[in-house]
Every structure is written in C-alpha cells, then in structure tokens.
Amino acid sequence: MSKNVRVRFAPSPTGGLHLGGVRTALYNYLFAKQQRGDFILRIEDTDQSRFVEGAEKYITECLNWCELIPDEAPHIGGTHEPYRQSQRKEIYHQYAMQLVDSGHAYYAFDTPEEIEHMRGKLKSEGKSNLQYDHHTRMLMNNSLSRLPEETSKAIDQGIPYVIRLKIDPDAFIYFKDMIRGEMTFDTNNLDDKVLLKADGMPTYHLAVVVDDYLMKITHVFRGEEWLPSAPAHVMIWKYLGWENAMPQWVHLPLILKPDGNGKLSKRDGDRLGFPVFAMNWKDPKTSELMKGFKELGFLPEAFINMLAMLGWNDGTEQEIFNLEELIQKFSIERIHKAGAKFDFEKAKWFNHEWIKKLPVSHYSSRVAGMFTEMGITINDTEKFNKILELVKDRCTLLTGFWDNAHYFYKPPAEFDTASLTGKWNDDKKDFFESFITLLPGEAGWNSSSLENIFKTLAAEKKIKAGELLMIFRIILVGSKTGPGVFAIAEILGKEETIKRINLAIAQFVALNIK
RNA sequence: GCCGCGUUGGUCAAGAGGUUAAGACGCCUCCCUUUCACGGAGGAAUCACGGGUUCGAGUCCCGUACGUGGUACCA
Numbered sequence: 001m002s003k004n005v006r007v008r009f010a011p012s013p014t015g016g017l018h019l020g021g022v023r024t025a026l027y028n029y030l031f032a033k034q035q036r037g038d039f040i041l042r043i044e045d046t047d048q049s050r051f052v053e054g055a056e057k058y059i060t061e062c063l064n065w066c067e068l069i070p071d072e073a074p075h076i077g078g079t080h081e082p083y084r085q086s087q088r089k090e091i092y093h094q095y096a097m098q099l100v101d102s103g104h105a106y107y108a109f110d111t112p113e114e115i116e117h118m119r120g121k122l123k124s125e126g127k128s129n130l131q132y133d134h135h136t137r138m139l140m141n142n143s144l145s146r147l148p149e150e151t152s153k154a155i156d157q158g159i160p161y162v163i164r165l166k167i168d169p170d171a172f173i174y175f176k177d178m179i180r181g182e183m184t185f186d187t188n189n190l191d192d193k194v195l196l197k198a199d200g201m202p203t204y205h206l207a208v209v210v211d212d213y214l215m216k217i218t219h220v221f222r223g224e225e226w227l228p229s230a231p232a233h234v235m236i237w238k239y240l241g242w243e244n245a246m247p248q249w250v251h252l253p254l255i256l257k258p259d260g261n262g263k264l265s266k267r268d269g270d271r272l273g274f275p276v277f278a279m280n281w282k283d284p285k286t287s288e289l290m291k292g293f294k295e296l297g298f299l300p301e302a303f304i305n306m307l308a309m310l311g312w313n314d315g316t317e318q319e320i321f322n323l324e325e326l327i328q329k330f331s332i333e334r335i336h337k338a339g340a341k342f343d344f345e346k347a348k349w350f351n352h353e354w355i356k357k358l359p360v361s362h363y364s365s366r367v368a369g370m371f372t373e374m375g376i377t378i379n380d381t382e383k384f385n386k387i388l389e390l391v392k393d394r395c396t397l398l399t400g401f402w403d404n405a406h407y408f409y410k411p412p413a414e415f416d417t418a419s420l421t422g423k424w425n426d427d428k429k430d431f432f433e434s435f436i437t438l439l440p441g442e443a444g445w446n447s448s449s450l451e452n453i454f455k456t457l458a459a460e461k462k463i464k465a466g467e468l469l470m471i472f473r474i475i476l477v478g479s480k481t482g483p484g485v486f487a488i489a490e491i492l493g494k495e496e497t498i499k500r501i502n503l504a505i506a507q508f509v510a511l512n513i514k
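All residue numbers for the first sequence refer to our numbering, where the first residue is 1 and numbers rise by one.
Derived from the structure by calculation, the hints contain no laboratory data. A portion of the hints provided could be inaccurate.
Distance windows between CB atoms, simulated [unchecked claim]:
1) P160 - A338: 41 to 49 angstroms
2) Q248 - L289: 35 to 43 angstroms
3) L289 - A510: 38 to 46 angstroms
4) N188 - S124: 58 to 66 angstroms
5) E182 - S128: 22 to 30 angstroms
6) M183 - P160: 31 to 39 angstroms
7) H336 - R267: 51 to 59 angstroms
8) K282 - A338: 40 to 48 angstroms
9) P160 - G262: 17 to 25 angstroms
10) P284 - S102: 41 to 49 angstroms
Cross-link-like lysine-lysine pairs, in silico, BS3-like; alpha carbons within 25 angstroms at most [claimed, not checked]:
11) K257 - K238
12) K514 - K455
13) K337 - K429
14) K337 - K356
15) K356 - K383
16) K383 - K3
17) K410 - K57
18) K357 - K386
19) K266 - K383
20) K494 - K464
21) K410 - K494
Idealized CB from N, CA, C, for every residue including glycine.
With the sequences and hints as input, model every part of the structure.
This is the structure:
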C-alpha cells in the first residue's frame, strides 16, 4: 500500500505572492489532487524581523482567487496544527536538543562580529572556503572547542547562543531529485548550518525537516534555489533518524527575468511594465502598491494556465488547459530542467484565449465592477452580456472591455475628425437626415433590417455604402473601429441612435468638417 | 572565489541515435471583413562551442564558454 500523498506550499509571509510562488503552489496542488492526496498550506514565519502584517491573509486570498484551496491551513485547520511555524517553537527546540544529545549538533556562542573576523582572516590567508564548518569549528567559540563545564556555565549565564548542525566530513550524500535525477554532494563542502537562532526560533533548515516529518509530507516541491541546501536537509533527516520517512525531492526550475539576468523579482514588474504579483499588494510599511495580475484584468483560469505551461507541457500541442485537465495531465517527469524567462506577451495571449473561450456570464460581474469604477452603473445584465459578447474578441484583458464598450453607455465625447476629412459633405449630411426619418418602430429594430434600410437609401441617393458605413460608425462610436455598425445600433436602440446622429451632424457642422 | 544546476529560433517549447528539427507567442505578407478584431493561408528565425563514442549525434561522454542559483542567526 502506497503512502497517502501529502504536499505543502510553504511561503513566508514577507510580502506579496509572486509568479514563482503561485506556480510552486500550483504544481503542489496539481500533484496532490491528481494523487488524491492532501495539499497543505504552512506559513514559514520564523524570521520575526521580516514579518509583514497582512501577508498571510493576502497569500490565502491569492490561493482562493486561483482556486488552489488547501486541505489544511492556518485558517482552515487540520490534523497537524498549528500550521504557523512561529507557533511551533517548542517542537523545534525539542528536536534541536535531540541532535545535540546525539552529537549531531552543538552550541555556538560566536557573535556575528567574531564570525566576520574569522571570514576576514581566512580570506587574507587566501582561503576560498570561508564557511563555519569542520575546518573552522574547533577555532571558534562553541561547545565542541570548549570544555563541557564551560559550555554549561555560559548557558547558565545567559550568554546568547545558536545551535549548529555538525556535518561529518569526508562523506558523500546521495539523494534523488525527481527532476534532475541522482544528486551527489561532498560533505566537505557543507557548512555547519545554524539550526536554532539566538532568539530561540528555528532556521528554515530545521523547521522544514521537522515539519515535513511531523506533517507526513511525501513530496517536497520547491524552487531550485533550495537545491544547494538540500544535502544539509538530507543530513538532518538522517541525524534525526527519519531517513525512511524522507520525502521525494522536486526542485522546480526558476522563473527568470525576460531580459536576461536572474530570477524574476518584485522590482522587475515596475521596471519592465508588467505585474509579478498575483494580486495587488500594498506594502503596509511603505504604502507602496505593487500591481497584480488580477487587477490588471487577468482571469484566474488564464493566470493558472499560463503558469502551468511555464516549465511544463503534456507533450502534445495543447496549450489551453483548465484546472481539471491540468490535474489529470500533470506529471513531474515532464517538468523542464531549465529556468524559463517570463513572457508577458504570451501571458496576455493566454488571457485573450480564456476571454474568448469562457461564457461572458463567467466574468461579466467583474467587468461590470470596472464600469462602476469608471462612473457607469450597469443595471441591465442581459444587455451588458450581449455587449460583452459582441466585443470580447478584441479584449486581451478584462480592463479592455471598458475601452471597447464604453461607448454603448455614453455618446462619443469626441470624433475621429481626421478620418472624416474629405468624406463628409452635404450629400452625406442629407443621407443621414433622411435615414433617421426612415427608422422603424421598436418591433422591427434589429441590425439586419437596419442594414437593409441603410443600403437601399444609399443606392437611392447614389452614394457608396462603404463611405457611409465608416461615417455612421464614427457618428455612433467616435472612432472607426469596433464591431459591425448595425449591431452597435441595434444595441443602442432607436432613440439613442437618432440622438447620436443628430448630435454628430451638429458637431460636424460646428467643426466645419469638409 | 568556492559549490551546485542548466543551455533547441527573440520568448515558451516538442524531440529520449537515423525527422525536411513539431507547435505556440511575438514579428512580417496575403485572404476574409466596405473598419478594427476574430478567423484562415504563408514567411523570416534555432540545436552555445570544441573534442570524442558511433555507419550515423540536438539526442550519449568529456572539456570550454555562457547563463543561473547558493555561499546569512532570510526564506
């Protein structure tokens, strides 16, 4: 019988959730759901100095927006509570002590200055390895270099200390990464990582291992930036005697900046003009607002789809997947090894595809909200949806609906007069004045009958329909782009259409367009 | 510096020794549409380099280059 799959997404609440974070959460989620396992949200808040108010709430809101709902989480609960590491302090302390007792960890009393001094000294001696490790530890101030009595005395006196992992030299650590295969590390290159900080909090290294063990995590999906410390984690699993329960490692490739160097960071969004956060994030300390994909007009379906494809594909030509399909088809074997540069153009393409694919009713209330913000209240949902349906092909972002449909709710404020020059004359004016007298009653008000009347009249007046069509469009919309004119007029209604024709004629005359 | 990881068009990528090296985004041309978009048809553009192994290498091995991550009492 195979173990029940349990995975965790373990962000630290230090700010907004960016692309890479959401993708890690997504891959965790997809794998868990595919294997009918559990997806756990654990908050890694062991660094009190970096704690940011509201970040945890923001993270859960992002996951909700993306529909990546955890089975266990701080706000949901679960059988392995608590899910915030800051509330598990004693647990880590207990295991740190176990490591000390078994000789795999030790007390270290060095101040940051002393460590700095050691590094400086090593450097001046031309050493390239400046680590606190088996080479240097006997030279430092710790329970290994001191007599036991001295150590207990220092502890009793309340001298601050950390607990460090004691890495045994001259050995190799082997482990398998599900993306990269067999990994080998020489323990001589590993340092004695701090396990427990002077403030009593664990470092990430101790906390992940302890929690992954206690929470029965079977697969660890995390960014590739963790690969160099993975051997230390494996050592902790061993030293704690849990080697048989060790999870499978899945180190995900990084999401890189579009323009070359480095992993995508929060700053790149501003610099290159695209969001890196899932949703708007306002830093409580600086009040700085970082834009989010959601507010920019992304659909969660598109956001997730785009992220899933950044580093994974199912081997076919299919690119558009919904969550359900992703759950079915996701496979660790098909995750790429190399990092991927983020491409905002492609991200927008995914959104466009989803806008076209989904029924407008799926997002019309969100779009209506945007109209409200622009000062137009939508009362008639049916009509609104009809409008959205008419223009959705030309909207890449949800915010694009405003640009492409606002004219249905207010007459054009200005006209594309440049396109009118040379086209507008008294004959055309006469045509539109005649046209409005021919408009049918409400019952016959539809685009095809309108088109009929329009073209018959044009033939009678011996004017080319093409030129009239363009003018008609400018009259109704203000510009020469958009869906079919008669479809626009149909939605506008008879009164509004007549009103706009009169208004435009008056304007054209006033502006003396020829 | 040291230690890892990686490298197929500008970008995302298929490819598991024998292919005319898919497809998508973006770009360009044309068609459709009396507009724009959608849709359709085309086009330009790629295996980082050097050595092996092999009858044969984008695919395997070794080097080099480049990129990237780590090197914290941050995660």
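Hints not upheld, ascending by number: Checked against the structure, the hints that fail are numbers 4, 7, 8, 9, 11, 13, 14, 16, 17, 19, while the rest are satisfied.
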